[in-house]
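Novice: The listed protein sequences correspond, in order, to chains E and A. Under numbering that gives the first Met the number 0, the first residue of the first sequence carries the number 0, and numbering increases by one thereafter. Under numbering that gives the first Met the number 0, the first residue of the second sequence carries the number 0, and numbering increases by one thereafter.
Treat the hints as calculated values from the structure; they're not laboratory data. Just to be clear, a hint being listed does not mean it is correct.
Copies of the same chain look alike in the list, so a pair counts if it works inside one copy or between any two.
[Claimed, not checked] No more than 25 angstroms apart at the CA atoms, straight line, and that leaves these computed lysine-lysine pairs for BS3-like:
{"id": "1", "residue 1": "K35", "residue 2": "K92"}
{"id": "2", "residue 1": "K406", "residue 2": "K348"}
{"id": "3", "residue 1": "K130", "residue 2": "K92"}
{"id": "4", "residue 1": "K225", "residue 2": "K406"}
In this text the structure is predicted, and so the values were computed from the model without any measurement.
There are 2 protein chains.
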Amino acid sequence: MKSQKANELVFLPLGGSNEIGMNLNLYGYGPPDARKWIVVDVGVTFGDPTTPGVELIMPDASYVEGLDIEAIVLTHAHEDHIGAIGWLWPRMKVPVYATPFTAYLVREKLRDADILDQVDLREAQLGSTLKLGPFEVTFVTITHSIPEPNGLAIKTPLGTILHTGDWKIDEDPVIGERVDVELIQRLGDEGVLAMVCDSTNVFVDGVAGSEADVRVKLAELISTLKGKVAVACFASNVARVDSVVHAAEMAGRRVCLVGRSMHRITDAAKSVGLLRDIEGFVNETEAKGYPKEKILYLCTGSQGEARAALSRIAEGNHPHVSFGEGDSCVFSSRVIPGNEIPIRNLQNKLADRGVRLYTERDHPGIHVSGHPCRDELKQMYQWARPQIAVPTHGERRHLLEHCALAKDMQVPQAIAPRNGDMVRLAPGRAEIVDEVPSGRMFVDGDMLVPEGGEALRERRHAATNGVLVVSIALDSKGKLATAVEVRGLGLPGDADYPLGDALDDLAEKAEDALDRLSREDRQDDTAVEQMVARTLKKASQQIWSRRPIVETVVLRV
Amino acid sequence: MKSQKANELVFLPLGGSNEIGMNLNLYGYGPPDARKWIVVDVGVTFGDPTTPGVELIMPDASYVEGLDIEAIVLTHAHEDHIGAIGWLWPRMKVPVYATPFTAYLVREKLRDADILDQVDLREAQLGSTLKLGPFEVTFVTITHSIPEPNGLAIKTPLGTILHTGDWKIDEDPVIGERVDVELIQRLGDEGVLAMVCDSTNVFVDGVAGSEADVRVKLAELISTLKGKVAVACFASNVARVDSVVHAAEMAGRRVCLVGRSMHRITDAAKSVGLLRDIEGFVNETEAKGYPKEKILYLCTGSQGEARAALSRIAEGNHPHVSFGEGDSCVFSSRVIPGNEIPIRNLQNKLADRGVRLYTERDHPGIHVSGHPCRDELKQMYQWARPQIAVPTHGERRHLLEHCALAKDMQVPQAIAPRNGDMVRLAPGRAEIVDEVPSGRMFVDGDMLVPEGGEALRERRHAATNGVLVVSIALDSKGKLATAVEVRGLGLPGDADYPLGDALDDLAEKAEDALDRLSREDRQDDTAVEQMVARTLKKASQQIWSRRPIVETVVLRV
Chain E
0 MKSQKANELV FLPLGGSNEI GMNLNLYGYG PPDARKWIVV DVGVTFGDPT
50 TPGVELIMPD ASYVEGLDIE AIVLTHAHED HIGAIGWLWP RMKVPVYATP
100 FTAYLVREKL RDADILDQVD LREAQLGSTL KLGPFEVTFV TITHSIPEPN
150 GLAIKTPLGT ILHTGDWKID EDPVIGERVD VELIQRLGDE GVLAMVCDST
200 NVFVDGVAGS EADVRVKLAE LISTLKGKVA VACFASNVAR VDSVVHAAEM
250 AGRRVCLVGR SMHRITDAAK SVGLLRDIEG FVNETEAKGY PKEKILYLCT
300 GSQGEARAAL SRIAEGNHPH VSFGEGDSCV FSSRVIPGNE IPIRNLQNKL
350 ADRGVRLYTE RDHPGIHVSG HPCRDELKQM YQWARPQIAV PTHGERRHLL
400 EHCALAKDMQ VPQAIAPRNG DMVRLAPGRA EIVDEVPSGR MFVDGDMLVP
450 EGGEALRERR HAATNGVLVV SIALDSKGKL ATAVEVRGLG LPGDADYPLG
500 DALDDLAEKA EDALDRLSRE DRQDDTAVEQ MVARTLKKAS QQIWSRRPIV
550 ETVVLRV
Chain A
0 MKSQKANELV FLPLGGSNEI GMNLNLYGYG PPDARKWIVV DVGVTFGDPT
50 TPGVELIMPD ASYVEGLDIE AIVLTHAHED HIGAIGWLWP RMKVPVYATP
100 FTAYLVREKL RDADILDQVD LREAQLGSTL KLGPFEVTFV TITHSIPEPN
150 GLAIKTPLGT ILHTGDWKID EDPVIGERVD VELIQRLGDE GVLAMVCDST
200 NVFVDGVAGS EADVRVKLAE LISTLKGKVA VACFASNVAR VDSVVHAAEM
250 AGRRVCLVGR SMHRITDAAK SVGLLRDIEG FVNETEAKGY PKEKILYLCT
300 GSQGEARAAL SRIAEGNHPH VSFGEGDSCV FSSRVIPGNE IPIRNLQNKL
350 ADRGVRLYTE RDHPGIHVSG HPCRDELKQM YQWARPQIAV PTHGERRHLL
400 EHCALAKDMQ VPQAIAPRNG DMVRLAPGRA EIVDEVPSGR MFVDGDMLVP
450 EGGEALRERR HAATNGVLVV SIALDSKGKL ATAVEVRGLG LPGDADYPLG
500 DALDDLAEKA EDALDRLSRE DRQDDTAVEQ MVARTLKKAS QQIWSRRPIV
550 ETVVLRV
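Model the full structure from these sequences, guided by the hints.
Specialist: Dropping the structure here:
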């Protein structure tokens, strides 16, 4: 059939369309058997207490390996858009395009992964256009909470896609340009087939607000503070950093950066000409020489991260910075869902030292989101007027609500694929035409392993139920060569029943179980292990109401 | 010295004054060496993903065991006020006083703990007064999100304490009485020495709002819904349950209760004469026979609890209730901090089925808090006019902010003890005069163990780093009787380095390490274990960048 060989334009999210984070998007053009692809963003997300030992999570990119990819194109330098580049680039080995600020931070990641010399990393200016096989890709200036963010206008013979990236409409973003409305409207006039768009704040009415307003609020607040001042914000929000520095200057304070990523990002910012007209930062040792009212510490750790600057200050174990009665800490940040408990603990520790806290909740306006709220989404639909709305960068709830909003905005079609759903955008009506392997990969013990892997499952089981280690030495006839030894890991004892007694009782039960085995079975390691495991799980249920992992080792001596 | 023998009035929080939850408060009267005590509330708090295997947490009550206690007096039936009664009553063995609704639920707990027949549980009516040794205790009617809540007016020869319990000012609480303002004002006129007061919402301006307003909002919302309707709320909020039933009636729907605690609490409510004038509930099997527009499911599980009704409906594995496209779910509840992620997962699963969600966030007014906001706190200070403000029921941040608010309200003294701080309220100026053992106890494997106990520490370590089990059979001279066996739990492998290969390599390293030991050391189990552990931790660091628990068992054969 000829029709099977017709060119198609497809969108395939492998990350970012079941969650906020971990973005990995593919666009394909051509007939099914000879498609050319571009990859947009290669992000990570982070582990939480339910994934002990796993800090980094990224999309399963196995499907990508067989594809004919022209390039990886990045939209900005947040971790959920670039964090997997060191892990996943080796599976694609294609040129990488990014704006200079993003490229600076990507270079660091490639250096950490020891592949910097292998990667063809090319800087693209905002507003510039690349030809990537059948795709003509223009870097569209938008505004977001990081320098040099860009959307992508992707022109193909079957129509133009506007991939928004993460964006908001900030009329005064403090650093960088405003949204290139003219270009987006022109695209709209020429006809946008599909808009693939940020859904983060689809449940929030109104607009996100401007960095310029935060700048004013921060200056107002900081001018009223006595004692030492710490401000916590996301280091990558260079506009915010600039505003804090400005506020400090207005209040007659010098700024000391505390935390590794503050230094890393300000270096990146300076490399592209930002933060140039500000007075130099003072270092931590110098800062100690300043009177309390003359210093401001700009800190990492707004999310309660245990090893970040602010947590160490709160614990009182930072080598150079100490806070106490009469000092102030300003959280110019939001609570990322999942971090509520560490942030609460951090704030209680600071309060306990007598540090006065200022948060977005009690001081509205000292933080704004970098993502579009409903009025901004509506505005973007009015500018771009796509035929198809494809929400991304959201959980299922966000994507579905975003579809409803797009329909209210008279977009003819809205479709919300899940990670792994291949959407044919053209020709014909948009629809999901295929489902490819997708999922999450965990960095576990420096190895990239599938989400449902054995290792984490065992660790979780051990975390809840504990472990019994049973060692049995048998001679070749199956006779015990010495007493069975039972050790417990993560199992409690109390005054009524000390752990040692419990383990002795279990060892006795294991020996009884061996006695009950036939002579043949006692010569079979698997039979011995199964019998012992069954017996000790049952006994543990009686003692602890739980079934630990029973690791039985039979040594034949 | 005579003065050492003088009577004193003291307050001692053992729970609730570092956290919201786990309340355990003591009041003592008499000279230090012959004090009489009453205990107010014996609550629990709940484990989270950072305490794997631990679901129940309660105050360390070891200090209580030596005391001369007159009685336990309860303020209401929430778990954070009564949940530890089965565990801690045996350490006190004194009469327990509670309002009838509270007593009903306490009786269930005592039955579960198998001590119902031992406990002298006495019902006290709201407004009644008890003589408990030197304490004259009056049950003060207040309003809260559960039936029959009470504050306590505690009169002693050295002054009167108003212990508020959990409260709000609800002018129309739907069920039960309004706050007994007259009594509180009379106490104020007579002189309140100290007010020990709820701090939960001290950061929230205005007032919490009335259950009657929620009733109207729920009826409005539910009348607009098509398809099946589920409403999730806290079962213990019987006024809310009543309002949902009322809203269902208005919308021509019958109500089906789903979830064990819905049945448990409605039975308790009926036992004290509540929920009597409503049409009977239909059971889950009957409900299936009703048209979609004629049924409303009132569910447990608003916090995303995995085993609760709503999660099972969202998963599609509830035996009798199925929801899908066109159905609605109303969350008449708040997000308890720490539950953000399970609630998010629950809501995404429901959205994914096509269920429309209604939450407090997008539909303000369908839930109100049961705790006093700032305007209510101010009102209470105006009524009671205490000499001393003692904030409780809060984290450190809340307690300190509450002290500041009390000072703004012209309270002469405000003091925020931590759990374990003994506050002398009289005679003289209030101050912390002692610090007694306190902390948290965990129910771990059915045993009550200290928070910092070995078992949980090991489980957490295993959860993050995994376990290596090394079994070594040595003869009496220290010669290997068979090859060393190394097993891994929770350790990953990948295609480049399969786990089996890693474990073989580790076994070889362990044997090399043994070879390097002197003949004497090989006869010493501890020396062997230490050498092997050190060697394998180092090797693991190279393979996995982590240091697992190394459990080495030496069998002498």
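Novice: If a hint holds in the structure, say so; if it does not, say that too.
Specialist: Going down the list of hints, with the structure as the test:
In the homo-oligomer, the alpha carbons of K35 and K92 lie at most 25 angstroms apart inside one protomer (15 angstroms), although the nearest pairing across protomers, at 77 angstroms, exceeds that limit. Taking the closest pair of Cα atoms, K406 and K348 come within 25 angstroms of each other only across two copies (22 angstroms); inside a single copy the shortest separation is 48 angstroms, beyond that limit. For the identical chains of this complex, K130 and K92 are intra-copy neighbours only, at 18 angstroms inside a copy versus 82 angstroms across copies, given an alpha-carbon limit of 25 angstroms. In the homo-oligomer, the alpha carbons of K225 and K406 lie at most 25 angstroms apart only across protomers (21 angstroms), although the nearest pairing inside one protomer, at 52 angstroms, exceeds that limit.
Of the numbered hints stated above, none is contradicted by the structure.
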